[in-house]
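Student: First residue of the sequence shown? That's 1 in our numbering, and the numbers climb one at a time after it.
The hints are simulated quantities; they were obtained by calculation from the structure and are not laboratory data. Keep in mind it's a predicted model, so treat the numbers as computed, not measured.
Think about it this way: if two alpha-carbon atoms lie no more than 27 Å apart in a straight line, the pair counts; the simulated DSSO-like pairs of lysine-lysine are:
1) 32 - 107
2) 121 - 138
3) 122 - 137
4) 137 - 121
5) 138 - 122
6) 101 - 32
Quick list of the computed label-pair ranges, beta carbon to beta carbon:
7) 122 - 29: 53 to 61 Å
8) 77 - 36: 23 to 31 Å
9) 4 - 36: 37 to 45 Å
10) 81 - 104: 32 to 40 Å
11) 36 - 67: 40 to 48 Å
12) 48 - 85: 15 to 23 Å
13) 35 - 3: 42 to 50 Å
14) 3 - 94: 44 to 52 Å
15) 32 - 71: 34 to 42 Å
16) 67 - 24: 41 to 49 Å
17) 9 - 40: 37 to 45 Å
18) 1 - 59: 55 to 63 Å
Glycine included, C-beta positions come from ideal geometry on N, C-alpha and C.
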Amino acid sequence: MKAFFEEFKKFALRGNVIDMAIGVVIGGAFSKITSSLVNDVIMPLFATMLGNVNFTELSLVLKETVAADGTVTQVTMNYGQFIQNIVDFVLIAFVLFLVIKTMNSLKKKEEEAPAPAPEPKKSDETLLLEEIRDLLKKEN
Numbered sequence: 001m002k003a004f005f006e007e008f009k010k011f012a013l014r015g016n017v018i019d020m021a022i023g024v025v026i027g028g029a030f031s032k033i034t035s036s037l038v039n040d041v042i043m044p045l046f047a048t049m050l051g052n053v054n055f056t057e058l059s060l061v062l063k064e065t066v067a068a069d070g071t072v073t074q075v076t077m078n079y080g081q082f083i084q085n086i087v088d089f090v091l092i093a094f095v096l097f098l099v100i101k102t103m104n105s106l107k108k109k110e111e112e113a114p115a116p117a118p119e120p121k122k123s124d125e126t127l128l129l130e131e132i133r134d135l136l137k138k139e140n
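My request is simple: use the sequences and hints to build the entire structure.
Tutor: Below, the structure is given as structure tokens:
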């Protein structure tokens with residue numbers, strides 16, 4: 001039993017597992033940010049452009065029953081919520097695309113820092129002339 005727990009400890013404390021756990025936690029936090037951006041910023045803009053359409057209210061009544069006391073019960077297919085989920089997905093995917101594209105361009109700028117220019121390679125004639133000059137200096 002002790003060997004089992006030692007093996008589990010070795011597995012759980014590997015770098016990959018910890019990195020993945022950190023990624024999941026950060027992804028959960030980032031999910032809240034992107035959901036808020038879509039729901040609180042982008043969707044109101046779309047709603048304004050589309051005339052305050054709220055997709056979630058769209059539904060199709062499949063069956064309607066009236067009880068003896070006069071209450072009406074409806075069985076509905078809420079296709080509006082499905083449309084809203086598709087719109088949310090597309091917008092979140094687009095926002096993530098923009099964020100990743102921005103991060104990649106910033107990373108590229110850091111990597112493309114100008115390297116010092118290499119010294120120009122001297123031609124064979126120049127090297128020969130410098131060698132002759134050095135020899136003449138030694139003789140004089």
